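Chain by chain, the residues:
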Amino acid sequence: MDYVVHVLINIALYAILGVSFNLLLGYTGLFAVSHAAFFGIGAYASALLALHAGLGFLWGMALGIVVAGLVGAVIALPALRVSGDYLVIVSFGLQIIVFSVMLNWQDVTRGVAGLPGIPRPTLLGWKVNTPSEYLPLFLAVAALCFLLARRLTRSPFGRVLKAIREDEVATQALGKNITRFKVLVFVVAGALAAVAGNLYAHYITFINPFSFTLEESIFIMAVVIVGGAGNLWGSLLGAVVLVVMPESLRFLQVPPTVSGAIRQLIYGVLLVLFMRFRPQGLWGEHAARPATGPPRPPGGTPAAPPAKPARSPLSEQPLLEVSGLTKTFGGIRALSNLSMVLPQGTITGLIGPNGAGKTTAFNVITGFLPADAGVVHYRGVEITGLAPYRVARLGIARSFQDLRLFQRMTVLDNVLVARPEQSGERLGRALAAGARGRREEAVNRDAALAYLDFVQLLPKADEIAENLSYAEQKLLALARLLATEAELLLLDEPTSGLAPTTVGDMLALIRRLADRGKTVCVIEHNLDVIKGLSERVVFLDGGEAIAAGTPETIMADPRLADLYFGR
Amino acid sequence: MDLFAQLLVNGVIAGSLYALVACSFGLILGTTGTFHFAHGVVFAAGAYGAYFAAGRGLPLWAAVGVGIAGAALVGVLIEVVVYRPLRKISASPLVILIASLGTLIVLENAIAIGFSTDAKVLEGFPRKGVIIGGVGFTTLHVTMVAVSLVVFLGLLAFLHWTRTGRAIRAVATSPEMAEIVGIDTGRVFLLVFAIGSAMAAPAAILIMMDRGGTPDMGMEAILIAAIAVIVGGIGSVPGAALGALIIGVAQNLGVMQIPSEWQAAIAFGVLLVVVILRPHGLLGKKLKKAEI
Amino acid sequence: MLIEAADLVAGYGTKQELHGVSLRVAAGEIVALIGHNGAGKTTLLKTLFGLLPALGGEVRYGGRPITGRRAALNVRDGLSFVPQGHGIFTDLTVGENLELGGYSVGAADPDRLAAIHDLFPILKERQDQRAGTLSGGQQQMLALGLALVLRPKLLLLDEPSLGLAPVLVQRVLESVQEINRRFGTAVLLVEQNVKQALRIAGRVYVMKVGQISLEDRAEALLARRDLWQLF
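If you're matching them up, the sequences are chains H, S and D in order.
Here the first sequence stands for residues 1 to 567, numbered as in this note's numbering.
Here the second sequence stands for residues 1 to 292, numbered as in this note's numbering.
Here the third sequence stands for residues 1 to 231, numbered as in this note's numbering.
Treat the hints as calculated values from the structure; they're not laboratory data.
In this text the structure is predicted, and so the values were computed from the model without any measurement.
Some clues are possibly wrong.
Only part of the chain D face toward chain H is listed, based on derived beta-carbon distances under 7 Å [claimed, not checked]:
#1 Asn37
#2 Gly38
#3 Thr42
#4 Val194
#5 Arg224
#6 Leu227
#7 Trp228
Ideal Cβ placement from N, Cα and C applies to all residues, glycine included.
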């Protein structure tokens with residue numbers, strides 16, 4: 001009986017660790033293999049507190065959460081500078097450094113000898129002694145952690161995490177401060193792992209560094225991968241599978257000297273096989289799509305962007321004014337003293353030969369590239385050098401040539417995440433969402449559906465974005481852009497890659513935006529599109545705006561023809 | 001001063017062994033784009049192959065040959081069985097990396113089951129102590145540095161002076177152009193895995209002769225190698241060697257200031273400094289500003 | 001006909017870029033392929049060469065179907081492709097680059113190398129220099145030289161003048177003309193400098209939104225004053 005209890009406790013332990021690591025790996029796409037370090041920090045913090053200060057279980061848990069949360073924030077710093085393979089190595093490093101501290105800080109941790117005699121917890125006068133008494137406590141805390149994580153991942157906060165996983169650049173362009181989200185998710189994941197550490201220390205009553213090795217971090221990763229990244233239920237299943245499967249060795253009379261190795265061998269094989277045949281895991285992200293039923297059309301919402309009356313036109317002042325913008329890449333001038341204006345409520349076409357600096361201009365205006373010189377004014381306020389998310393929040397939204405959709409999110413979520421000023425993006429609000437949060441979410445959902453309706457994607461609202469056709473993806477990118485409620489829309493090649501038959505539909509949509517008071521600037525190479533859209537064209541060459549006027553006057557200028565077609 | 005010289009020499013000896021693993025790991029990463037963590041266990045397989053052959057009565061030189069050939073075989077098999085199928089389905093780099101970690105764990109534990117986790121020493125190398133100018137080392141240490149140097153220079157010569165070596169560099173520089181001129185990239189990948197794996201084995205075998213080896217010897221080796229490659233700059237073979245030497249020397253000189261238990265942390269300290277100050281590594285090409 | 005494409009459909013993933021393209025190039029002629037950015041010109045060259053799979057339609061080379069054949073085999077058969085930007089191995093020396101041009105048949109033929117050196121003497125002078133350190137114009141000559149090592153019958157050129165100063169644009173296009181004259185190589189030339197390209201070409205195709213919108217004699221197009229209407 002005790003054996004079964006022990007196995008169940010282990011499952012609960014790895015369920016907590018798996019769920020918390022899933023927040024990093026599965027939801028935010030942060031491949032930081034250092035979770036055993038947080039686990040260990042939680043265990044040591046509460047063990048030390050119990051042994052030296054005589055403080056109980058809950059105090060230990062609180063301290064562990066605080067310390068691991070702080071370490072999480074510290075680990076996040078290098079993690080913010082690097083990504084992909086680099087992040088893996090850096091996280092290995094942090095894991096090994098934490099392990100070294102546990103092993104070598106003899107005065108505090110007693111090194112290899114470890115810390116024995118950790119008391120069993122006492123809760124509200126109830127002393128937990130035997131494993132079977134411990135089990136309900138373990139299960140209750142695990143359930144609590146799971147519910148917390150679930151609340152987080154289903155909140156607007158969790159939606160942003162997934163967006164970061166799919167495309168950091170696009171997430172910034174929607175006005176999200178991705179640094180804040182990454183640091184917070186490290187803190188939360190670290191804190192949850194510390195809770196597991198606390199439970200573990202008080203259960204085993206003895207800890208030493210060898211429970212918190214790199215191998216342990218990889219094992220926790222395996223729980224998430226095998227179970228299914230991006231789905232919390234998957235981590236529960238992963239914990240069951242990876243804890244129970246090696247236990248079967250006990251019944252196969254395997255000598256204890258090799259049972260450890262066989263246990264590891266099994267999960268190594270599982271990792272390889274899953275990567276090859278089922279990379280989404282047993283219970284992957286989209287296996288658990290919420291059964292929301294067919295999308296209901298937004299009740300009574302107009303099938304077009306809510307016509308927000310354009311703010312009082314500041315008669316003489318253009319919405320955006322760029323002056324003297326210069327940007328050099330390794331000796332090549334991409335922008336050279338670029339000056340241009342975008343008057344409110346107009347569609348301006350940006351044309352020019354290859355390498356004229358059109359996309360670079362967008363990148364500098366939106367803060368993705370720093371300018372070497374020059375200033376950008378929006379509504380008369382200087383915005384030069386602001387971070388991309390700040391520029392976006394002021395009301396400038398840009399699209400990307402390569403769309404940068406959140407491929408593995410639903411169509412609806414792609415648009416929802418773009419909604420501005422969602423209070424549920426704050427960690428506290430996400431965790432303690434009440435009726436107000438639900439009301440706000442319902443309003444945003446209706447708005448998102450209205451935009452999907454506007455681009456005629458409503459029937460696809462619950463589809464995964466990557467399953468859309470290319471033309472549909474372009475429409476989705478437009479809907480996402482509109483959902484930001486930005487007033488200035490910078491569109492980078494909105495019709496490229498569309499079949500000749502669908503180009504016209506896209507043009508009609510863009511024209512309707514201008515009718516509703518939006519200011520639009522379009523980079524486009526297909527001159528039919530320019531002629532069909534813009535009342536005003538700015539001609540760029542060599543990073544400089546050398547002419548502006550109606551499409552007719554621009555195309556009548558022989559000097560510009562020479563620049564465009566060569567002499 | 002003597003202590004400094006001794007530690008410096010120790011650092012160069014350690015660094016030269018790191019360099020073999022780092023250069024081979026860097027060659028594979030730079031050419032195939034595979035973050036080949038399992039290279040660590042290929043390294044260990046070389047040592048255990050030699051140990052196994054020596055145990056069957058083969059003379060030491062033949063056992064070394066078996067170890068090197070065994071490592072090459074394991075490396076090629078991992079490419080064919082694990083990586084190639086994943087590339088075929090356009091798996092993401094992350095998926096390949098996880099599969100590589102899994103492979104490392106599987107083979108490391110397979111070795112542990114076959115040979116137990118006790119340290120194994122490969123006997124039979126005529127080892128003598130030498131003291132020059134107050135600095136002590138053994139003939140085995142001299143062999144380590146010499147072997148590393150020869151293999152390193154041999155690799156550079158091969159890459160620069162042979163048609164096949166040129167093809168490898170061509171694939172590393174531009175896979176698309178390589179395809180355009182008709183280079184079979186699949187074959188080049190196989191070759192690179194074979195060469196890289198064979199190159200790492202001598203380091204493992206020498207370590208097994210010196211202080212013995214354990215099944216998990218590859219984990220530490222591959223971490224150091226990965227750090228060395230990032231420090232030196234991805235895509236540069238000399239950079240990887242330089243990174244390895246820096247880490248070997250830093251770890252050993254660090255002992256003058258920091259207790260030696262912290263050696264593992266020193267390597268990562270170097271890494272963090274480089275990642276923060278010079279993310280493209282010491283000899284690596286500056287990464288182009290990502291197109292937005 | 002040297003190469004002939006019929007109803008070619010191709011693209012990247014879900015993004016279809018060619019919507020049924022047909023064109024032909026005869027032995028020894030220079031054909032210009034022009035059109036706005038994103039019209040599908042590069043996609044067309046890559047599909048002809050075998051770097052991208054055709055999703056529909058057919059490519060015939062020398063009368064035989066080669067649709068979907070690997071690029072490596074096409075190279076051996078006399079097709080050469082110079083991609084946009086760096087058609088060279090920047091980390092290797094100039095000499096090594098030229099050697100690699102002959103990779104698919106073993107080694108570069110010394111006579112043909114000499115002919116390339118004769119055409120671009122700078123490539124001989126800079127033999128041991130790392131290709132990435134050459135100037136933009138020299139890099140483009142190396143790209144052309146590399147593509148010529150096997151003396152191809154057809155050269156697919158993707159914007160050889162991209163990023164070059166106006167003087168160099170002229171030089172590079174003159175080289176293309178010279179290659180055509182000396183070796184009888186047919187050329188399918190994608191070029192932004194429309195007028196210069198038209199001056200050296202015999203025929204021209206205009207692409208728009210993944211389709212051929214016009215085929216004409218280059219001279220006739222050059223004489224038109226409303227080029228804007230074609231883009």
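Each hint, compared with the structure:
1. Asn37: 4 Å, holds
2. Gly38: For D:Gly38, the interface hint holds, since the closest Cβ of chain H sits about 4 Å away, which is under 7 Å.
3. Thr42: 12 Å, violated
4. Val194: 4 Å, holds
5. Arg224: 11 Å, violated
6. Leu227: Holds - the Cβ of D:Leu227 comes within 7 Å of chain H, reaching about 5 Å at its closest.
7. Trp228: 4 Å, holds
Of the numbered hints given earlier, the model fails hints 3, 5; all others are met.
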